[in-house]
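Using the sequences and the hints, build the whole thing.
Numbering-wise (this note's numbering), the sequence shown opens with residue 1 and increments by one.
Think of the hints as simulated: they come from the structure by calculation, not from any bench. Careful, some of the hints might be misleading.
For each label pair, taking beta carbons as the anchor points, the in silico distance ranges come out as [said to hold, decoys possible]:
1) V234 x H76: 40 to 50 Å
2) A186 x I112: 11 to 21 Å
3) V234 x L156: 20 to 30 Å
4) E71 x A164: 31 to 41 Å
Beta carbons are placed, not taken as given, at the ideal position from N, Cα and C, and that holds for glycine.
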Amino acid sequence: MFSASRNFIREAARLSPASTSAVKRSTGDRGGRLLSGNSKNSLGRPGQAAKTSNSDGKQSFFSNPLQWYAEKLETHPLLTKCLTSGFIGGSGDFLCQFLVYSNDDKNVEGKINFHPDWYRTGRFGILGCFLVAPVVHFWYGALMRKIPGNSISVVLKRTFLDQAFFAPIFLPTFMFNLMVLEGRSADEMLPRLREDVPDALVANWSLWIPAMMFNFRFVPLKFQVLFSNLVGFVWNAYLSWKTHESTHEAVAESRM
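Structure, rendered in structure tokens:
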């Protein structure tokens with residue numbers, strides 16, 4: 001009995017406050033080392049932090065459309081430009097059809113409902129997506145590589161090359177491909193090109209020379225095709241009217 005009591009007192013002395021604090025310090029040290037190790041593992045992975053930051057930095061279309069579009073231009077530049085150009089090309093033709101419909105007195109009086117030619121709109125969309133955007137994308141890229149900068153002299157050089165060499169070749173190319181999609185014969189295409197291209201080229205210069213000077217001077221490269229497409233919305237409406245001018249006149253005469 002006495003021996004057991006003496007052993008109990010010896011154990012209590014061993015677990016005195018000083019010893020207890022030492023135990024706590026030891027435990028705290030181990031916990032600190034564990035916490036430090038865990039922190040190092042979690043914060044020492046640069047890929048994980050960057051990944052979290054990137055995922056948080058992504059913008060949705062509805063929260064910030066321009067930032068969302070800029071991200072798509074960075075990740076999928078050509079595809080984004082093609083889809084944008086196709087949409088704007090079709091929209092320009094649709095606008096042209098609606099304006100022609102609205103300018104008809106009989107349509108204004110409500111005698112005839114608006115029935116757009118969706119095949120015609122689709123042709124402009126196809127050309128915008130598969131012809132205009134890819135060609136303009138690589139053309140602008142080549143201009144910026146060969147003539148870098150945005151000084152006045154550089155902008156004048158790029159605008160001159162764009163409108164004196166590129167436009168006279170690309171404009172009839174666009175009109176030719178449009179007539180191909182319409183199923184016109186070669187005998188019909190050449191006279192139409194001779195008749196329509198000169199007027200369209202003059203109209204092109206009056207619109208695109210000031211637009212391209214502004215584009216090359218102030219617009220960042222990745223947004224230059226987008227800016228061209230916005231101007232092209234008006235231009236496609238004109239092209240749609242010009243390439244279907246005879247059709248509009250024939251329809252108007254049939255209603256008189």
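CB-CB spacing for L156 and V234 relative to the 20 to 30 Å hint: At 24 Å between Cβs, range holds.
Quick check: does the Cβ-Cβ distance between A186 and I112 fall within 11 to 21 Å? The hinted range 11 to 21 Å is violated for A186 and I112, with Cβ atoms some 35 Å apart.
Whether the CB-CB distance between E71 and A164 falls inside 31 to 41 Å: At 35 Å between Cβs, range holds.
Quick check: does the Cβ-Cβ distance between V234 and H76 fall within 40 to 50 Å? Given about 26 Å between the Cβ atoms, the range is violated.
When each numbered hint is compared with the structure, violations occur for hints 1, 2.
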